[in-house]
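A.B. asks: Let the sequences and hints guide you as you build the complete structure.
Throughout the sequence shown, residue numbering follows this note's numbering, covering 2 to 485 in sequence.
Don't take each hint at face value.
[To be verified] Below, in silico cross-link-like pairs of lysine to aspartate or glutamate (EDC-like), each with a Cα-Cα straight-line distance of 20 Å or less:
#1 K396 to D365
#2 K299 to E272
#3 K182 to E207
[As the list claims (entries may be wrong)] Label-pair ranges, simulated between beta-carbon atoms:
#4 L390 to P148: 37 to 45 Å
#5 K21 to V422: 42 to 50 Å
#6 T167 to G412: 48 to 56 Å
#7 P148 to E482: 55 to 63 Å
#8 K119 to G88: 29 to 37 Å
#9 K481 to L420: 16 to 24 Å
#10 A200 to M384: 17 to 25 Å
#11 E207 to E17: 47 to 55 Å
#12 R418 to K481: 38 to 46 Å
Just so you know, the hints here were simulated from the structure itself, not pulled from any lab data. Just so it is clear, the structure is predicted and the values come from calculations on it, not from any experiment. Virtual Cβ for every residue (Gly too), placed ideally from N, Cα, C.
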Amino acid sequence: MAYDDLRSLLRALEREGDLKRIKAEVDPYLEVGEIVDRVNKAGGPALLFENVKGSAMPLAMNVFGTDRRLLKALGLTSYGEISEKIGGLLKPELPQGFIGVREAFGKLGSMVHVPPKKIKGEAPVQEVVLTGDDVDLDRLPALFTWPKDGGSFFNLGLTHTKHPETGVRNLGLYRLQRHDKRTIGMHWQIHKDSRNHYAVAAAKGERLPVAIAFGCPPAVTYASTAPLPGDIDEYLFAGFVAGKRIEMVDCKTVPLQVPANAEVVIEGWLEPGEMLPEGPFGDHTGFYTPQEPFPALKIDCVTMRRRPLIQSIVVGRPPTEDGPLGRATERFFLPLLKIIVPDIVDYHLPESGGFHNCAIVSIDKKYPKHAQKVMHAIWGAHMMSLTKLIIVVDKDCDVHDLHEVSWRALGNTDYSRDLTVVEGPVDHLDHASYQQFWGGKAGIDATKKLPEEGYTRDGGWPDMVESDPATAALVDSRWKEYGL
2 MAYDDLRSLL
12 RALEREGDLK
22 RIKAEVDPYL
32 EVGEIVDRVN
42 KAGGPALLFE
52 NVKGSAMPLA
62 MNVFGTDRRL
72 LKALGLTSYG
82 EISEKIGGLL
92 KPELPQGFIG
102 VREAFGKLGS
112 MVHVPPKKIK
122 GEAPVQEVVL
132 TGDDVDLDRL
142 PALFTWPKDG
152 GSFFNLGLTH
162 TKHPETGVRN
172 LGLYRLQRHD
182 KRTIGMHWQI
192 HKDSRNHYAV
202 AAAKGERLPV
212 AIAFGCPPAV
222 TYASTAPLPG
232 DIDEYLFAGF
242 VAGKRIEMVD
252 CKTVPLQVPA
262 NAEVVIEGWL
272 EPGEMLPEGP
282 FGDHTGFYTP
292 QEPFPALKID
302 CVTMRRRPLI
312 QSIVVGRPPT
322 EDGPLGRATE
332 RFFLPLLKII
342 VPDIVDYHLP
352 ESGGFHNCAI
362 VSIDKKYPKH
372 AQKVMHAIWG
382 AHMMSLTKLI
392 IVVDKDCDVH
402 DLHEVSWRAL
412 GNTDYSRDLT
422 VVEGPVDHLD
432 HASYQQFWGG
442 KAGIDATKKL
452 PEEGYTRDGG
462 WPDMVESDPA
472 TAALVDSRWK
482 EYGL
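C.D. replies: See the structure below:
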């Protein structure tokens with residue numbers, strides 16, 4: 002099972018020699034970011050900075066920086082465990098479409114008994130309660146990571162909101178700029194559910210309650226990054242991943258619930274129309290996102306453990322700590338993507354494409370232009386709609402072998418016929434589009450072409466095992482002793 006809280010995970014990592022305590026003073030202005038980026042790219046350990054300049058709180062970094070650590074945090078031995086579990090529960094019937102996805106999650110929740118559990122009384126995260134003038138966000142270590150950033154940011158605060166009319170909860174991971182001791186900039190993008198919650202409240206002239214939790218149980222932190230449909234509870238998914246119910250507690254000053262075993266929670270209200278300039282910020286794309294106006298959250302209350310610590314991450318040019326989180330999502334959601342696009346055999350979202358810019362998809366090709374049908378289905382599938390490049394290959398191609406994929410995409414295509422170019426929505430953070438929110442996309446059909454598609458040349462794959470199995474078997478038997 003997954004770890005119940007962040008500190009128990011850190012203790013386990015330290016016992017295994019996979020966490021390094023840093024006792025020397027470090028500066029959250031540029032220095033911490035540079036240290037963490039170097040350590041992460043070298044495949045190094047988790048880091049616990051015990052002496053952060055300007056703050057009394059230790060800062061945990063690079064905690065999910067390797068696949069091994071993230072799997073350990075979630076209580077897994079491989080990412081396939083969850084995808085196999087999801088796929089097994091959905092069989093023998095495979096519901097279709099988004100309604101089917103919602104029904105599938107409802108089925109998962111009822112079968113594994115993991116809805117969040119509200120605890121009575123006060124929780125560990127409420128051992129200390131600060132309100133009014135006692136609130137001081139400068140006590141929390143925020144990072145100024147890259148030289149052209151617009152300020153200091155909290156990069157791993159889990160934002161809780163709920164729809165003003167339906168009451169449906171949303172848990173999201175958004176960067177948070179610290180404007181002053183009691184004000185946070187809420188960078189939620191145009192496609193995010195929390196932004197919709199704020200828009201609905203503002204249209205009615207109402208303020209929106211917000212709670213932001215730091216240092217949460219690992220399964221909750223991961224769930225906040227998962228691209229779930231808007232009416233699927235992230236805490237149900239976190240419980241499913243963790244294999245147990247997530248304990249929740251009522252906030253002190255807002256009508257929301259947060260993880261009882263978090264380290265720090267800040268609570269406040271968003272007033273309609275109150276905006277401040279936010280950014281620039283060196284983002285996970287590897288480029289700066291420009292300054293824009295975003296809602297400004299006034300903090301009324303901070304609750305925390307008696308000796309709290311903060312967890313954060315460094316994002317920037319890949320690879321970064323985003324890598325294991327993205328790979329987990331890729332594997333976990335394969336069975337659910339197959340519900341929406343049943344033609345898919347496997348898929349891969351390369352980290353170098355920020356996981357949302359490129360999708361490599363394999364199919365069992367059945368008919369002419371089957372690849373193009375799959376491209377358009379993916380561009381209509383929830384957050385997969387933001388994919389800028391789709392490469393479709395045959396089922397015998399390993400989508401994770403980029404050399405094999407490149408060989409097919411570069412050499413087995415006639416771009417006058419096999420290239421599809423469209424326009425559509427792109428990520429809010431996309432820096433390449435000529436205008437914000439939408440831009441060009443491309444699909445490459447790298448599958449074997451059928452005669453019905455106008456392909457008349459003989460060609461074929463020069464595979465000795467298939468074309469002359471007797472020779473292949475002879476080489477296997479005669480040359481094995483030489484290690485060839």
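A.B. asks: Give a verdict on every hint.
C.D. replies: Results for each hint:
no. : hint                     : verdict
1   : K396 to D365             : holds (5 Å)
2   : K299 to E272             : holds (9 Å)
3   : K182 to E207             : violated (24 Å)
4   : L390 to P148: 37 to 45 Å : violated (30 Å)
5   : K21 to V422: 42 to 50 Å  : holds (48 Å)
6   : T167 to G412: 48 to 56 Å : holds (51 Å)
7   : P148 to E482: 55 to 63 Å : holds (59 Å)
8   : K119 to G88: 29 to 37 Å  : holds (31 Å)
9   : K481 to L420: 16 to 24 Å : violated (43 Å)
10  : A200 to M384: 17 to 25 Å : holds (18 Å)
11  : E207 to E17: 47 to 55 Å  : holds (49 Å)
12  : R418 to K481: 38 to 46 Å : holds (44 Å)
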